[in-house]
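Protein chains: 2
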Amino acid sequence: MDFKKMLVDDQVKPYLLKARYGVEKESKRVDLSGNLAKTDHPKSISQQDEHPYIQRDFSELQMEIITPVAETLEELFNYLAAIHDVAYRSMGKNEMLWPLSMPPQLPEKEENIVIAKLKSDENVRYRQTLSNSYGRRKQMLCGVHFNFEFGDELIQALFNAQSEIKDYIHFKTEIYLKATRNYLHYRWIVTYFYGASPISEKNFFEKDLLNEAVRSIRSSSKYGYTNSNDVQVSYSSIQNYLTDLSSMVKKGLLSAEKEFYSPVRLRGGRNAAELEVHGIRYIELRNIDLNPFETYGISYEQAEFLHLFLIYLLWKDEGENCDEWVKMGDVNNDIVALEHPLEPTKFEAEAKNIIHEMEHLVEILNLTVSDTLFVHLREMLMNPSKTLAGRLYEESEKSSQNEVATSIAKENYKKSWEKPYQLSGFIDMELSTQILMFDAIQQGIKVEVLDRQDQFLKLQLKDHVEYVKNGNMTSKDSYVSALIMENKTVTKKILQQHGFRVPKGEEFQTIEQALRSYDLFSSKSFVVKPKTTNYGLGISIFKEGANYEDYQKAITLAFKEDSSILIEEFIKGTEYRFFVLDEKVYAVLLRIPANVKGDGNHTIEELVIQKNRDPLRGRDHRTPLESIQLGELENLMLKGQGYQINSIPENGKIIYLRENSNISTGGDSIDVTDQIPEDYKKIAADAVSALGVKICGIDLIIENTEVPAANKNAYGIIEANFNPSMYMHVFPYKGKPRRLTMHVIHYLFPELLQSQETTN
Amino acid sequence: MDFKKMLVDDQVKPYLLKARYGVEKESKRVDLSGNLAKTDHPKSISQQDEHPYIQRDFSELQMEIITPVAETLEELFNYLAAIHDVAYRSMGKNEMLWPLSMPPQLPEKEENIVIAKLKSDENVRYRQTLSNSYGRRKQMLCGVHFNFEFGDELIQALFNAQSEIKDYIHFKTEIYLKATRNYLHYRWIVTYFYGASPISEKNFFEKDLLNEAVRSIRSSSKYGYTNSNDVQVSYSSIQNYLTDLSSMVKKGLLSAEKEFYSPVRLRGGRNAAELEVHGIRYIELRNIDLNPFETYGISYEQAEFLHLFLIYLLWKDEGENCDEWVKMGDVNNDIVALEHPLEPTKFEAEAKNIIHEMEHLVEILNLTVSDTLFVHLREMLMNPSKTLAGRLYEESEKSSQNEVATSIAKENYKKSWEKPYQLSGFIDMELSTQILMFDAIQQGIKVEVLDRQDQFLKLQLKDHVEYVKNGNMTSKDSYVSALIMENKTVTKKILQQHGFRVPKGEEFQTIEQALRSYDLFSSKSFVVKPKTTNYGLGISIFKEGANYEDYQKAITLAFKEDSSILIEEFIKGTEYRFFVLDEKVYAVLLRIPANVKGDGNHTIEELVIQKNRDPLRGRDHRTPLESIQLGELENLMLKGQGYQINSIPENGKIIYLRENSNISTGGDSIDVTDQIPEDYKKIAADAVSALGVKICGIDLIIENTEVPAANKNAYGIIEANFNPSMYMHVFPYKGKPRRLTMHVIHYLFPELLQSQETTN
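In order, the protein sequences belong to chains L and A. Okay, so the first sequence: first residue is 1 according to UniProt numbering, each after it adds one. Okay, so the second sequence: first residue is 1 according to UniProt numbering, each after it adds one.
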């Protein structure tokens, strides 16, 4: 097949960068001093042995982070970031992840390297076998496995651009075989650029001590993690590959197919037999050291390079004798792996040529890649100290590799704890959704973002699928119950019919109608509001009745916001938000308007700046609290109280900057769940049930919580919200945090609690 | 108590017109010639014996229409109108309702008047007793019962405006007792204005033939439907009333309390004992003849009069001796009832004074009433031929009462069949909701409109409550499944994951992003559209690929409508709408763009006018089809085909006036349910299930329905609609009507089908 011609085909070119990616990344848990952790895998990670994202590898302290299949590199790195956040925060504040492929100092006695405490005997036995064959020290090497699949449309287009192979599956397999053989042949270039295991720490080598620093201990056949030399498998065809593999197992050279530690593993189907039938679906590149300088062990540019490199390897002619070609690759790779990290490589000229050809290819194929990619590659080629091994070695020379790694680990650790309400990779999404995704990942639920702007998630636990929008719109609520909550008049009617106290009032469709009812309200406490409110616009409150003129103004104002308005009795008291889930109140929140507390020294402006320093405060609903503003409304409010922004309020005096208590305008959220009497919680839960709703934030006005809820007019129900914010309960300004997102997860997946009960 | 003072209290006045109303209206079913129907109560009316709105009275052919309690007169008349529509269309095209209180010619033999065939033996036995006591002929008198309750807030305000009575329930009872006694005393004025049973038809009187015409046979104690003279009940207090009533039953003068045929019945609680404990809740005015000139047996003005009259009666002093006062009313009413309909009444002067006082009251109490009310009352007073009895008598003189009544009945009949898709009283609501309400009423389900503008209904069958919005948003669908359908990208992803064919494509958030993907689409058939479409705005279709400039234009256009756009493969074929309910396809519709068919004679404009004459066509979605327009777009479309609006297309030639096939722009709806092969229906039903949806309109494009659905690319799914219009299936332009609304009712209330099965 003439790949050079096929690749430049106009029907092929648009699809060249379409691919699917996945990363598996192992790292060791260490304590804050960089010593191997002595603890078990974190208990907060559920479904431990079947967790889709966070697993244990050989050892109990070897954490493996597994991304789902991603359609773009952006998506891949988003998941990597998110799963790292979950891993870090699940480990707790006393542990971090070791950033190197090479382990920190190992125990003197090998048996003190604890094998992963998996439930399955078979899995434990397999690790025991590995321990016997390779020793536990070598199993402590960590790395990144990069799973790569060419886009379906690309393979289809390539298939259409040739006529030699008639069978699509056969064709696909040939594509991957060519890329694999060339990858094996040329992989020394990956080792040169990205090898990052130059020296070992104490107790890694029992004997065979390596005296000189190298590019990659892990990738060298002598010191790294490889099968015995007797294990020889041909890549000339899928049949030969499979025959060789099975013969290795038969001969006892491998305990199982999965023990074949090739730098490239051919994937497709659950076992070798399936691979033959369905063809190669993707390949797993396994020769990648952890990038110490990247929080997630691999950089975006590295991934981009690998993708381009694979396209290049498809394009690039290969040697006539397949097996020779691959074997040559092993030899060359060993040479590069064992070169000193600061020395130029023996293959510098060839490397330059490859980079040149790759760049040329990018041009003729019209591919979009990062501007800096080739700049960096060339830099590394010209200056070995810019390669990963070079950088790590040079840094380590200043102190020690151990110190460098510990300090990098600490940086990563800090970053992951800095904004505990965020989920890295998804910080543009709504906070409640981020927190829910965190919890879902921790619970071992597969999370797919169906629509990012729309906060639309697919959650899956085994065969059980749930769709969730905005963190709390689920299959548990009926469509009409959400519509009931959306309509204030209907909500009120239903609550009233069920005997709950709601503000009395009427709905009006015209100004005239509303004016005619003036007598009904004139001498009462009442509220005029648009039927559908939007952040409180168009609402007028008359606590002591109103004259006709003000009444008229209020009505006109409300009609500006909606074609229907409500005039309602004003219920006096404090407003509480009850979060109800499945007939139970899980949190009660008091919201207090934006305010500062005087200290007799600072101006209001200074106090606001101080209060805004709280890392929980920020802008645009991407933090649990909003920064207090000092805009027009706040200034007006201050003026009404006889203050200006440079007034210095006396010590202890609370100054309010807003009339409304919304968190979105700088209000404080205070959890009072434990302080609210049960009878009010029952009212809230029963009212939500009366609406037929399962997940709801319901607002009660209570004049005095010490008065029994059954008393006449003890409370009034103001509103039921079908999309209640959860984050304000999870990260309140004051009071106990309530992890509502986790309750939602358990409500959607009750089997989680059952399986946890079984486990404990 | 000084009612005159209490009523003018400022706290009382705003509430004077707050009340609750209900009407029970009996009429006899007759054939189209005006002869008593020989048929049974209509089978299409479910739950016959427990139907909340349509019942049988004494006879099988006596239909009783019962409104629910209404908070306003508007609401009352809306229900009256709606229930009449259901009654008429349930009777079928061979029957109508007799508009008079007096029956048409009765059978010679009394036993040929068939007693209602009720299931309950007790109910049949009771009617047998009545038949024995009063004879069946008298039972054939029909009338209106007007139930009236003063508003709670009014009674509360009146209660607060006095200090004599401390107990609220006692106070309320006294209010109603005063109104009742005065009503009984002055009811002759109602008989004068609205009495409408001047003469009888053949076989009504066995003997005692009345030779002269009167105002109201039905209201006279001698000829009407009254208890024996021995039945005497005091209205002096609730205790005396109840003691007397129970003594009448004990003495055998009444077979049961309900046999007490007073012109006013005191109501509250299910029986007399409850009435004593809970007090009077409302009163039932029973002395109202059917108004022959009103389709619903009573006019709005009459109801307004009764309300005002009751306020007046509260205000008006009563005689000192209660029982005398009431008895005097009986005597006076008999006088007026038996006066000749064209003679002035003996009490003309007193009537004038009452009307004068009522008008004065309206003024000082600041009440809003119809402008014409007092004009009409005074007209009737000055000219007896303007009273109902007078009008009916005069009309009948020209031919016969029988002919007049038959012709009125026919008018009513015609009206009820004129627009069979409408539900009178609710014609401003969406068509699908009107049809669903019709079906619900017919099925004996209580219908409450919670929010009229929002198409929000409460449906109730015994204890089973269902809320429905827009006719098909129900508790059966989950909240998130509706949100899935609302989001095209999510819908497509889920369908694709389940193996259905959806147009391939991508979502873009920026123009730049979309432009960069030009190569992916340039040579294909594709569609550019905003993610959220709104009546097809911003959509561009490229059936043969596009040049870069057109591509750019289309993208810019789509981004004007939404912040995200989709570029999708264009799937060729015919679009069908499948209506799926609970995993079953109930209807398939083909929509054809607005068109006319040439006849070789008429211009396109004339053909459009002709086609628009179809009563199914109208404007603003309040008819099953929309009128075809001849606006800018239509002219452009014609021009493109080489026509103008005054072109005369040849015979048989179809001229399309629109590109799009929406019914809302004049398209034709064609039911093809029986023509679509099962395998496509299965695709539609399975796709809806994959989305987790129960009620859905799903659009499939099929190139050739004769090709099996399993074939590659046989179909494509375009969209799933969470609020699919139902009316277009119920009243299609061509093809078999599909009563989807009834299926929705049965889906929500499966117990209906079970009970029907039990019955049959």
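Hints are computed from structural coordinates only; laboratory data are not their basis. Predicted, not measured: the structure shown is a model, and the values here were computed from it. Take these hints with a grain of salt, some might be off.
For chains that are exact copies, the list does not tell them apart, and a pair is met inside one copy or across any two.
What the hints assert, rightly or not - In silico DSSO-like pairs for lysine-lysine, Cα to Cα no more than 30 Å straight-line:
#1 493 x 458
#2 415 x 446
#3 504 x 5
#4 446 x 493
Hint-by-hint comparison with the structure:
1. 493 x 458: For residue 493 and residue 458, the Cα distance is within 30 Å only across copies (10 Å; inside one copy 35 Å).
2. 415 x 446: within (24 Å within a copy, 61 Å between copies)
3. 504 x 5: Close across copies (27 Å), not inside one copy (78 Å); limit 30 Å.
4. 446 x 493: between (41 Å within a copy, 16 Å between copies)
Violated hints are absent here; each numbered hint is respected by the structure.
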